[in-house]
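A.B. asks: Given next are the chains, with one letter for each unit.
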Amino acid sequence: MSGILANIALGIVLAWVVFALAGWVVAPWVAVGLGAVVALAVVAVARDTLMPGGLVAVLAPFGAMLPALALRHMGGGLGLPVVPFGTFEIVVFLGLYVAFLAASMGVFPVDPYRLGYAPVPVGVMVLAICLYGALTGNPFLPLVAVLGQVAWVMGWGSSNWFDYVLHVMMVPVAVIVLVQRALGG
Amino acid sequence: MGALHLGLLALGLVSVLLSGYAVWRDRPLEWRFALPAAVAPVGAPVLERVFDYKASEGVAHAPAIVVEEGGARIVWFEGSAEAQPDVDIHSVALTLGPEGWQAGESAAYFTRDELGAAMEPRQLVVTLGNVVENEARQASVFATVVSVGGWAMASVADVQMGEGGPVSARKLNLSPFLNRSHLVKSPMVVYADGSHALPAYFEMGGTHGTLVRFGAEGRVRDTRRITGPGKMIQPMIVPLDEARAVAFLRDFDRSDRLWISRTQDGGQSWSVAEKTGMANPSAPVAAVGLGDGRILMAANDVEGAGDLRLLTSEDEGATWKVVTVLEPDTAGARYPMLRRVGEQFLLTYSHDTKRGIRAVVFNAAWVAAQ
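Sequence order for the protein chains is P and B.
Taken in order, the first sequence gives residues 1 to 185; the numbers are from the working numbering.
Taken in order, the second sequence gives residues 186 to 555; the numbers are from the working numbering.
Calculated from the structure, these hints are not laboratory results.
Check before you lean on any hint, since a few could be wrong.
[Said to hold, decoys possible] Listed next, the stretches of chain P that the computed footprint assigns to chain B, with coverage defined by at least 3 CB atoms under 8 angstroms from CB atoms of chain B:
#1 1-8
#2 56-70
#3 93-105
#4 163-174
Yeah, the Cβ is synthetic: ideal placement off N, Cα and C, and Gly gets one too.
Can you build the whole structure from these sequences, using the hints too?
C.D. replies: As structure tokens, this is what we get:
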């Protein structure tokens with residue numbers, strides 16, 4: 001199952017990259033279509049070639065958040081209603097996530113990543129995210145958190161829940177969004 | 186209450202149910218070490234070189250021991266040079282028969298392509314490194330896998346072997362940074378309930394040792410750090426009793442000393458590593474507990490790669506006595522791996538500065554006679 005989900009996630013992320021690049025020169029629906037074609041071709045036909053094999057080796061586990069962000073972005077491009085994250089939210093997330101990565105890599109003596117292996121801390125964190133979603137009126141984060149918990153409990157990928165709701169690629173994505181907003185984009 | 190809040194309430198309820206199931210399914214980890222039977226020097230002394238191999242070209246390095254029925258298998262990485270994209274895992278079977286130990290033909294154990302195809306999900310494997318036996322499952326090993334960059338970008342793969350090579354493999358989830366950068370070197374630690382822990386080490390930035398615990402399904406369930414003021418890697422853990430153990434650590438920063446960390450709660454927490462009095466040229470050591478606080482160790486002397494010596498401690502690693510020099514400095518012997526195989530000890534190491542693999546068998550009577 002983790003192999004199938006990884007292929008789906010790989011396809012979505014590839015489609016997102018094509019959408020983001022093609023979106024500069026063609027209409028969003030064309031960019032999404034191009035992304036879908038490229039993703040399908042790579043995952044269905046060329047999955048065992050160097051590029052997708054390397055992407056999986058480097059980026060897996062993809063988790064739930066990265067594909068969900070990609071789908072959300074593409075959906076927004078097609079005109080679907082998307083509740084945007086606030087700039088302050090993104091700044092706080094970026095600071096906390098970088099601190100989390102640093103602590104997990106031994107910069108600080110605490111290791112928050114190991115909380116993601118244990119059912120009780122994971123349950124508490126998911127409920128806290130659901131509460132945050134209720135307070136902000138944004139269902140996106142609770143949905144991803146619970147989807148991640150489903151996959152984590154079922155063993156469909158990483159044995160650590162954080163791998164479903166966080167991904168290092170979110171750092172450059174968050175920075176790009178902040179820069180775009182600073183530039184008035 | 187609007188549709189949004191109803192939906193979020195439903196998500197919360199789903200989460201509570203999932204958490205309940207996860208808590209019900211979870212089994213608390215055992216934190217009491219299993220202790221091997223004490224080793225007594227009985228019978229005639231035995232010391233025998235059972236395998237001596239030299240790669241036709243390039244490197245053959247970091248041998249591990251996989252205990253098998255009727256003997257053991259020596260497993261190492263071999264290629265044109267360390268961390269190159271032509272390195273595969275090779276092995277040789279050692280069998281103990283009526284005529285003593287016999288070494289079979291050395292051959293590829295698994296290749297990078299075979300491992301990449303067996304991975305779940307399938308992925309590129311560029312090069313391979315240290316391997317250790319997964320003692321929790323038959324015919325399984327943990328392999329150090331690199332798909333991009335050098336050793337600091339390595340991951341640890343849990344590899345199930347079949348007749349013709351790996352049949353399934355998956356990376357252990359040990360880090361939130363693209364699942365990098367963990368490696369293995371030392372054999373597993375056994376707990377009183379039969380579960381195992383894997384000594385690993387993190388080699389990016391704040392380098393440290395890691396004790397990896399597994400749940401019932403063999404997935405990572407917890408990790409504990411073993412840290413020190415230097416760059417502590419390649420922890421070699423020796424349980425002393427149910428609660429206490431020592432971890433000998435190599436300092437990647439070349440302090441020229443072996444470092445030691447201790448636990449008194451079964452590995453849940455580890456003291457900040459301290460320098461021992463033993464010289465060490467930033468090289469890994471191999472050790473086994475002999476019972477009653479005695480430890481047998483294979484380690485290098487401090488000059489260059491140094492002599493490969495066999496040492497014993499009678500006081501839980503506080504002081505050491507050199508039993509014998511197994512290989513002189515000129516032999517370039519490094520990366521020892523020491524395991525008990527039945528009533529004997531099997532020691533393997535690379536020689537000729539990573540160009541070959543040797544293995545010797547000896548018993549406690551031979552150690553006592555030195």
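A.B. asks: Hint by hint, note whether the structure agrees.
C.D. replies: Against the structure, the hints come out as follows:
no.	hint	result
1	1-8	holds (count 4)
2	56-70	holds (count 6)
3	93-105	holds (count 4)
4	163-174	holds (count 3)
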